[in-house]
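The task is simple: from the sequences and hints, build the whole structure.
Taking the working numbering, the leading residue of the sequence shown gets 9, the next gets one more, and so forth.
For the record, the hints were derived by calculation from the structure and aren't laboratory data. Incorrect hints may appear among the rest.
Listed next, the in silico BS3-like pairs over lysine-lysine satisfying Cα-Cα at most 30 Å (straight line) [what the hints assert, rightly or not]:
| no. | residue 1 | residue 2 |
| --- | --- | --- |
| 1 | K93 | K136 |
| 2 | K345 | K265 |
| 3 | K178 | K265 |
| 4 | K265 | K364 |
| 5 | K178 | K345 |
| 6 | K156 | K93 |
| 7 | K231 | K73 |
| 8 | K405 | K446 |
| 9 | K364 | K178 |
Label pairs and their in silico Cβ distance ranges [stated by the list, open to error]:
| no. | residue 1 | residue 2 | range |
| --- | --- | --- | --- |
| 10 | D273 | T322 | 21 to 29 Å |
| 11 | G137 | F271 | 49 to 57 Å |
| 12 | G137 | F179 | 24 to 32 Å |
Using N, Cα and C, we set each Cβ at its ideal position, and we do this for glycine too.
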Amino acid sequence: MCSRVTCGHYLFRSLMKNLRFATVLVSLILVQPFTALGAGLFSDVSDSYTFKGEIESLARLGILKGNPDGNFYPDRSVNRAEFLKMLYVATNRKPKAIYVHCFSDVEAGSWYEGYVCDAASKEYGFVKGYSDSLFRPASPVTRTEALKMVFMLFNILAPDISQNDQSLIKFVDISTSAWYSRYISAAYMNGLLPLANQSGSRFNPDLPLTRGEAAAYIFNAQKTLEKQQSSQQAVFQSSIPSSESSSSSSVRTDIIKTLSIPFVDSDTFIEKRPAVYLFTLTKQSDIGLQVSTAGYYHSDVTCRLYLLKDDGFTSEYYLGFQENSMCTIKATLRPGKYQLQLQPSVGNTLYSVSAKAVFSDGNDGFSTAVELRPGLVRTSILESGDIVDWYSFKVMKEGVATVEITAGEVLSCVIYTPQDVDQFGFKGPECNVPYIFKPSANDDAYMVGIGRKSGDQIHRVPYTVQFH
Numbered sequence: 009m010c011s012r013v014t015c016g017h018y019l020f021r022s023l024m025k026n027l028r029f030a031t032v033l034v035s036l037i038l039v040q041p042f043t044a045l046g047a048g049l050f051s052d053v054s055d056s057y058t059f060k061g062e063i064e065s066l067a068r069l070g071i072l073k074g075n076p077d078g079n080f081y082p083d084r085s086v087n088r089a090e091f092l093k094m095l096y097v098a099t100n101r102k103p104k105a106i107y108v109h110c111f112s113d114v115e116a117g118s119w120y121e122g123y124v125c126d127a128a129s130k131e132y133g134f135v136k137g138y139s140d141s142l143f144r145p146a147s148p149v150t151r152t153e154a155l156k157m158v159f160m161l162f163n164i165l166a167p168d169i170s171q172n173d174q175s176l177i178k179f180v181d182i183s184t185s186a187w188y189s190r191y192i193s194a195a196y197m198n199g200l201l202p203l204a205n206q207s208g209s210r211f212n213p214d215l216p217l218t219r220g221e222a223a224a225y226i227f228n229a230q231k232t233l234e235k236q237q238s239s240q241q242a243v244f245q246s247s248i249p250s251s252e253s254s255s256s257s258s259v260r261t262d263i264i265k266t267l268s269i270p271f272v273d274s275d276t277f278i279e280k281r282p283a284v285y286l287f288t289l290t291k292q293s294d295i296g297l298q299v300s301t302a303g304y305y306h307s308d309v310t311c312r313l314y315l316l317k318d319d320g321f322t323s324e325y326y327l328g329f330q331e332n333s334m335c336t337i338k339a340t341l342r343p344g345k346y347q348l349q350l351q352p353s354v355g356n357t358l359y360s361v362s363a364k365a366v367f368s369d370g371n372d373g374f375s376t377a378v379e380l381r382p383g384l385v386r387t388s389i390l391e392s393g394d395i396v397d398w399y400s401f402k403v404m405k406e407g408v409a410t411v412e413i414t415a416g417e418v419l420s421c422v423i424y425t426p427q428d429v430d431q432f433g434f435k436g437p438e439c440n441v442p443y444i445f446k447p448s449a450n451d452d453a454y455m456v457g458i459g460r461k462s463g464d465q466i467h468r469v470p471y472t473v474q475f476h
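Have a look at this one:
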């Protein structure tokens, strides 16, 4: 057993070792996103742009740079070499000159050779090449490739995904057995995700990362690192004797409220962190939930409703319909505990949220879904005020099939895979696209949600749907 002083010195050395690469970050890098009231740093990054604060904060620290023409081009994709350099600058790393000639497609003497070869060295092993021994530095970095790079360069742990952690991944196109699932799970646990522009049922893991999203990845990683530093420093301080009593913190925690339906509430988002509302239903109920934002800066808001179980989330959840600065959910809910999660696109925004009983026209939830029989065409209408119609089907044996919908306008169509079914090729099923469907060992059904994609909730939309 070590003394408090000895333990204190040990913790201090451990803290310094863990933070050896973060010298610049300690005092400067983890400022809040800067939002200018006047002209911004870049002419093509408007005040309403989702990641304006993150871009300008990193630009002021010299981590990101714009083009000589004064633009940042936030919606352009960033390639693998560019993103790697961003991470090296953000973590105050310097490539070692001894690491060169690492991949045949990494040009000798190029600006990026040092970054790629240093990152790929046996000493660090931050990145790897492809199976053909190429690195492809000019290829756009995907969302998941970038996420892994962030974890590696910022030295953030991404443990193997556990059964409990699987509930954090609520995307129909992400398999928990995919190589990147551990990084997505850890990103949600550490606050790197979700990004403000990520909503809906798909993560799109292979989508190229934009420059704006790259700024958000790095900024959020810095905040995660700051929290780890604060936690370690608190442990170190607590191990040092002091005659001074500690004072309670006045820092506000995340918004988590438990209410009963019906309810009306208003508050202010804490930065861009989500607000959570918990409620319990004792019987099957038709519930309408609506959230709206207000303030000087326009903020979109997304909303999701999850059915909970004792050890986490179930596979039953509902995505909100977004219309301007409002998000609406209307669903028939079975008895149980629920979590409503609200996510703003702009931090520190005022919002109001309400929940009440509403009228249902039928298949508005998982528990009232209409069965889709193979080859049978169903014709229906999204009535005025109706947001999503629910259908279900079971698969008896593995085979190629299609969930096909037709309508006079574009509708959203999401297929929910049973929890015990691994997604083929790490990609979930999509409507109007052939897919290899697998049966559920628990005889669970696939769920299909057909809803409005844009416009208002007033007009009626006829459509047909079939599983064949």
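Verification of the supplied hints:
A distance of roughly 15 Å separates the Cα atoms of K93 and K136; the hinted pair therefore holds under the 30 Å criterion. Between K345 and K265 the CA atoms are separated by roughly 13 Å; this keeps the pair inside 30 Å, and the hint holds. With a CA separation close to 22 Å, the supplied pair K178 and K265 stays within the 30 Å bound. Only pairs whose Cα atoms come within 30 Å are accepted, and K265 paired with K364 is accepted, the gap being roughly 16 Å.
Under the criterion of a C-alpha separation no larger than 30 Å, the hint pairing K178 with K345 is consistent with the structure, at around 17 Å. Among the hinted pairs, K156 with K93 is consistent with the structure: their alpha-carbon atoms are about 15 Å apart, no more than 30 Å. Proximity of K231 to K73 is assessed by CA-CA distance (about 20 Å); at most 30 Å being required, the pair is judged to hold. The hinted pair formed by K405 and K446 meets the criterion: a straight-line CA distance of about 6 Å does not exceed 30 Å.
The straight-line distance between the Cα atoms of K364 and K178 is roughly 25 Å, inside the 30 Å bound, and the hint therefore holds. Our hint of 21 to 29 Å for D273 and T322 holds, since their Cβ atoms are close to 25 Å apart. Separated by about 54 Å at the C-beta atoms, G137 and F271 satisfy the suggested range of 49 to 57 Å. Between G137 and F179 the beta carbon distance is about 27 Å. The supplied range of 24 to 32 Å therefore holds.
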